[in-house]
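Those protein sequence lines, which keep their order, are chains A and B. Mapping the first sequence onto this note's numbering, position 4 (from 1) lands on 4, and the numbers just tick up by one. Mapping the second sequence onto this note's numbering, position 59 (from 1) lands on 59, and the numbers just tick up by one.
Any given hint could turn out to be false.
Said to hold, decoys possible - In silico DMTMM-like cross-links for lysine to aspartate or glutamate, where the CA-CA straight-line distance does not exceed 25 Å:
id: 1; chain 1: A; residue 1: 50; chain 2: B; residue 2: 109
id: 2; chain 1: B; residue 1: 95; chain 2: A; residue 2: 33
id: 3; chain 1: A; residue 1: 20; chain 2: B; residue 2: 94
id: 4; chain 1: B; residue 1: 95; chain 2: A; residue 2: 78
id: 5; chain 1: A; residue 1: 50; chain 2: B; residue 2: 71
id: 6; chain 1: A; residue 1: 50; chain 2: B; residue 2: 69
id: 7; chain 1: A; residue 1: 50; chain 2: B; residue 2: 45
id: 8; chain 1: B; residue 1: 8; chain 2: B; residue 2: 69
id: 9; chain 1: B; residue 1: 95; chain 2: B; residue 2: 69
id: 10; chain 1: A; residue 1: 8; chain 2: B; residue 2: 27
id: 11; chain 1: A; residue 1: 20; chain 2: A; residue 2: 80
By construction, these hints were calculated from the structure, which means they are not laboratory data. Here the structure is a predicted model, which is why all the values come from computation and not from measurement.
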Amino acid sequence: MLFFSYFKDLVGREVTVELKNDLAIRGTLHSVDQYLNIKLENTRVVDQDKYPHMLSVRNCFIRGSVVRYVQLPPEGVDTDLLHDATRREARGG
Amino acid sequence: MFKYIAEKLLVLLRDGRKLMGILRSFDQFANVVLESASERVIVGDLYCDIPLGLYVIRGENVVLIGELDLEREELPPHMTRVSAEEIKRAQKAEKDATDLKGSMRKRMEFLDFD
Numbered sequence: 001m002l003f004f005s006y007f008k009d010l011v012g013r014e015v016t017v018e019l020k021n022d023l024a025i026r027g028t029l030h031s032v033d034q035y036l037n038i039k040l041e042n043t044r045v046v047d048q049d050k051y052p053h054m055l056s057v058r059n060c061f062i063r064g065s066v067v068r069y070v071q072l073p074p075e076g077v078d079t080d081l082l083h084d085a086t087r088r089e090a091r092g093g
Numbered sequence: 001m002f003k004y005i006a007e008k009l010l011v012l013l014r015d016g017r018k019l020m021g022i023l024r025s026f027d028q029f030a031n032v033v034l035e036s037a038s039e040r041v042i043v044g045d046l047y048c049d050i051p052l053g054l055y056v057i058r059g060e061n062v063v064l065i066g067e068l069d070l071e072r073e074e075l076p077p078h079m080t081r082v083s084a085e086e087i088k089r090a091q092k093a094e095k096d097a098t099d100l101k102g103s104m105r106k107r108m109e110f111l112d113f114d
């Protein structure tokens, strides 16, 4: 549940989601669910010329299972908080 | 996902196919039902929409579901729409070209370049 809570805290921020098929999409994180499915708003594809069919997609839903990386803004990561949360989770809540 | 119901969507599949259609139903696995589905085949600057009918897509094959902004141009202006026969020919030509490249590489493998 840690990463679910973690991503919930990032809602509203600008992130880049890189998929397992190498498609990278940048957009505002709109929501995330328990499977780490991600909804992005105001999306733009990083390599637009290679994926012309994505041109008119503004908002999208990405299935959690196809995500390889999520690139976050550095200021969105509080490492101390993450350390504490990780230790708490490892101890079993 | 509820707000996508009855909207025209683009569904990207794991094999790279692009389906478009109206979302009628979905569940927690991202299984989806598309009405008036069509596949958009893109080869270089050519594209074609091939009508498919009603499609039920198993969730595990879904990569992305995108809301189509109908205000915007769907594709860059330099792309041209062609017939299904023409796109199939272009697809075959592209496949033959990559196959040839692959087989050439295989035959040259003993040279051990990279």
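Hints and how they fare:
A threshold of 25 Å between alpha carbons decides the hint, and for residue 50 of chain A with residue 109 of chain B the separation of about 29 Å lies outside it, so the pair is violated. The hinted pair formed by residue 95 of chain B and residue 33 of chain A fails the criterion: a straight-line CA distance of about 39 Å is larger than 25 Å. For a cut-off of 25 Å, the pair hint linking residue 20 of chain A to residue 94 of chain B stands: about 23 Å separates their Cα positions. Of the supplied pair hints, the one linking residue 95 of chain B and residue 78 of chain A is violated, its CA atoms being roughly 48 Å apart against a limit of 25 Å.
A C-alpha spacing of about 22 Å is found between residue 50 of chain A and residue 71 of chain B, which places the hinted pair at or below 25 Å, so the restraint holds. In summary, the hint linking residue 50 of chain A to residue 69 of chain B is supported, as the alpha carbons are separated by about 19 Å, within the 25 Å threshold. Annotation: proposed proximity of residue 50 of chain A to residue 45 of chain B holds, straight-line Cα distance about 11 Å (limit 25 Å). Restraint check for residue 8 of chain B and residue 69 of chain B: the C-alpha separation of about 9 Å stays at or below 25 Å, so the hint holds.
Taking the CA atoms of residue 95 of chain B and residue 69 of chain B, the gap is about 31 Å. The hint is violated against a cut of 25 Å. Restraint check: the Cα-Cα separation between residue 8 of chain A and residue 27 of chain B comes to about 21 Å, which is no more than 25 Å; the hinted pair holds. Restraint check for residue 20 of chain A and residue 80 of chain A: not satisfied, since their Cα atoms lie roughly 30 Å apart, outside the 25 Å limit.
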